[in-house]
Amino acid sequence: MAAPKFEVPSLTGFIEVPKIKENASAHVKSFPASAEIQERIGFPGPLVEDWHDKAIAKMGDLLGKYRSLQVFMDACVHCGACTDKCHYFLGTADPKNMPVARQELMRSVYRRHFTFAGKYFPSLVGAKDLTEDILQEWYSYYYQCSECRRCSVYCPYGIDTAEVTMAGREILDTVGIGQKYTNEIMGKLHRIGNNLGLPGPALEDTLQGLEEDIFDATGVPVKMPLDAEGADILLITPSADFFSEPHVESLIGYAKVFHAAGVKWTLSTTASEAGNFGLFIGSYDNIRKAAMRIRDAALELGVKRVVVGECGHAWRVAYSFWNTLTGVGHGGNDPFARQLQQQLDPNYPAPQHICEFTYALIQEGKLKFDKSLNDHRVVTFHDSCNVARGSRMGDMPGGQFIIPREVIKAVVNNFQDMAEETIGEATFCCGGGGGILTDDLMEIRVKGALPRMEAFNNVVKENKVNFLALICAICKAQFTKVVPYYGFDMSMVGGVHQLVSTAILLDVPEGSEQETETEESEA
Amino acid sequence: MGFEINGKTYETDEEGYLVNLAEWDEEAAKFLAIEEKVEMTDQHWEVINFLREYYNDYQIAPAVRVLTKAIGKKLGPEKGNSKYLYELFPYGPAKQACKIAGLPKPTGCI
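From first to last, the protein sequence lines stand for chains A and B.
Per our numbering, the very first residue in the first sequence carries number 1; after that it's consecutive.
Per our numbering, the very first residue in the second sequence carries number 1001; after that it's consecutive.
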């Protein structure tokens, strides 16, 4: 994988609005999905013969199904408030990456086919016929949007670009143009149970190895139970937590917290993925099918609580959509949904974020920490877009911003936020969200990270920050790969529960040698 | 897409990964390593061979922790860490080493 064939932006200390460069990133296209990949998730491929009529029919279908989309198509007045809010525009200078222009790709076709003026006087209202070229343009630019919704925060009408992007991608999938990265992973999740394609025996082997590692490092027999019936808590976490650095450090952190809390918890082989890429492509059927795996596992294992690990979009799906996708909100006459509802413990939020879980224990004084163990770190926190703008945490407004920071502050002595206009609900995307986290989109991943890197660089320079704390697997993978382009070391990137893991104090049980003899003999 | 060595052809996907795992041999690994600008040493082969063994057993590449531990046992504890693996495979042990080992590209949020 050769050196970049693009210019890496240089850091200036300011987030500047660039001078427009027409078509600067028109050439950026990710690999298309093969027919086989498309078929596995219920779409055709390659481009179907009657693509034009099918695409327009699908657009009509979506406009009817989602009133929001109809409003978004009609409401925009081209005020331009969104133009400089997108990290991909700021990084690439391509005017089609201004959110208003990205939406206009669909809006111009919408006007042609669904408005009176567009049907009869297309040139007067900038209405366009749908052509193959336009479809290809959609494919380029709808996959240069990470559905982070930052632009929506600044839109006076609240137009949600992410939803327009999702609709664009769904129409593309319907006529046979899918993205390899997202759709291949979606198929793997349906077939194997997680995005990686990690089968049960490999997961078991990996978890056993991690238990040994923790024991070797701490002398405490922290367990990572798998498919443990009768457990109270089911942990749903991104499969990257099992596989990659630094993700795995957070998994170790969750296990230590569960251990210290003395709760019975489990992972599941069949629901070994929090991520749900169905959201990225706006495919209701795929989102629901993926969410059902989790409901089925929760029922099968008889758990009372479902806790979600560090994954941004998974938390949005869990917090905002699980109830209507698979729970009682989904219809009422569904015996499984009612059974699950009865089974869940009403004393706890369902679902609960791992940060909420740890935060509650901290408040109850149930966890002991030695903050000085993190003294080699000066930490800042990056709000993940789907958590920041697509969900909440806890029982207070803004809990999704407060709780992760409170957890960090309980375990480190040195914390420094980045500039206010780049955090909280104004947070900049890592540049890899929403189905962009693929090597073939490295150019826009690097350029899209620019605003976040500017803000990060400033706290590195001014406050000696050396650790970027995250609660999303995509953010972790994206930054690990991208920070070196901006002169930082990848070891500066990690998880919030990695920090928890470093500082938490666990009781070494008396006679622990006896209890753990078998593990030692295997190690 | 693909490449040819001594009359034998190897089919690859858009990203240069072998399509058919059974086609892999040492010649293919050497070719893929050159493409990746990785100079193969005995240490590299240890990693590649372990990846292939693990894949045979589990139908997936090993997690980074599993890999670092195995390499630590074979090559000494000071080499059982991801920093060392990144020295061997600068683009990341998971993706780059898998490519040379003829395994499918690991996917997901990694």
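If you are wondering where the hints come from, they were derived from the structure by calculation, not from laboratory data.
Remember, predicted model here, so these are calculated numbers, not experimental data.
Hints are supplied without guarantee of correctness; some may be wrong.
Partner residues aside, some chain B positions facing chain A, computed with beta carbon under 10 angstroms [to be verified]: (1) 1010; (2) 1015; (3) 1095; (4) 1105.
Note that beta-carbon positions come from the ideal geometry of N, C-alpha and C, so glycine has one too.
So, residue 1010 of chain B near chain A? Judge it on the closest CB pair being under 10 angstroms.
18 angstroms, violated
Please check whether residue 1015 of chain B passes as an interface residue: C-beta within 10 angstroms of a C-beta belonging to chain A.
7 angstroms, holds
Agreement of hint residue 1105 of chain B with chain A interface, Cβ distance less than 10 angstroms:
9 angstroms, holds
Double-check residue 1095 of chain B for me: the hint is only fine if its C-beta lies closer than 10 angstroms to a C-beta in chain A.
7 angstroms, holds
Comparing the model with each numbered hint stated earlier shows that hint 1 is the single one that does not hold.
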